[in-house]
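A.B. asks: If you read the sequence shown in the working numbering, its first letter stands for residue 103, the second for the next number, and so on.
Derived from the structure by calculation, the hints contain no laboratory data. Idealized CB from N, CA, C, for every residue including glycine. Careful, some of the hints might be misleading.
SDA-like cross-link-like pairs, simulated, lysine to any residue; straight-line CA separation at most 20 Å [stated by the list, open to error]:
(1) Lys215 - Ala231
(2) Lys192 - Ala204
(3) Lys215 - Val127
(4) Lys192 - Ile227
Pairwise CB distance ranges, derived in the manner of DEER restraints [said to hold, decoys possible]:
(5) Leu269 - Pro148: 17 to 23 Å
(6) Leu155 - Ser118: 42 to 48 Å
(7) Asp145 - Ser118: 37 to 43 Å
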Amino acid sequence: MAIADSVPAPWFSGGSFARAALVAVPGILFVGGLAARISGSTDSNPWYQSLTLPALQPPGPLFGIAWAILYTLIALAFALVWATRDAPGKPLAISLFAVGLAINLAWSPLFFKLHMISAALAVIIAMLAVALATTWAFARVNRLAAWLMLPYLAWLCFATGLNANILMLNPMADAMQIGI
């Protein structure tokens, strides 16, 4: 046995979905939950409770459940891509995912904390565009990863509609934030 064979590989050097998932799933759930908590994105948010909400607005607890499932699915998708060795397009897929996650984490503070409904709408449209690009990039690396992104894409379409409807139903709530 050569000396190089006896040196253990770094804990994560790629190629292990289980190790990637053990990092990605709790990490993404944690940062997503932290962003929601810091932003006050709960039913107890007085500003949010004062808004006129669309008829299709799901009950508050459903959002937490939905986001826990969605964050788990996108984290698993990311882990599949991360664990794939030497795939063409892997760096682009990972970069798009990171950009998309950053955009995702920006939405709650804009909407719930800063009360900037129109800015949040612009962010969620960008989030949807980046999620579509990420899904396409994931498909080039691992098809299952792309399939795991589909519920997230569907939810983002629904959430974009909700955001737009809230803006239409509450134009003054947004106008106050931009100084009109």
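A.B. asks: Which of the numbered hints above does this structure break?
C.D. replies: 1, 3 and 4
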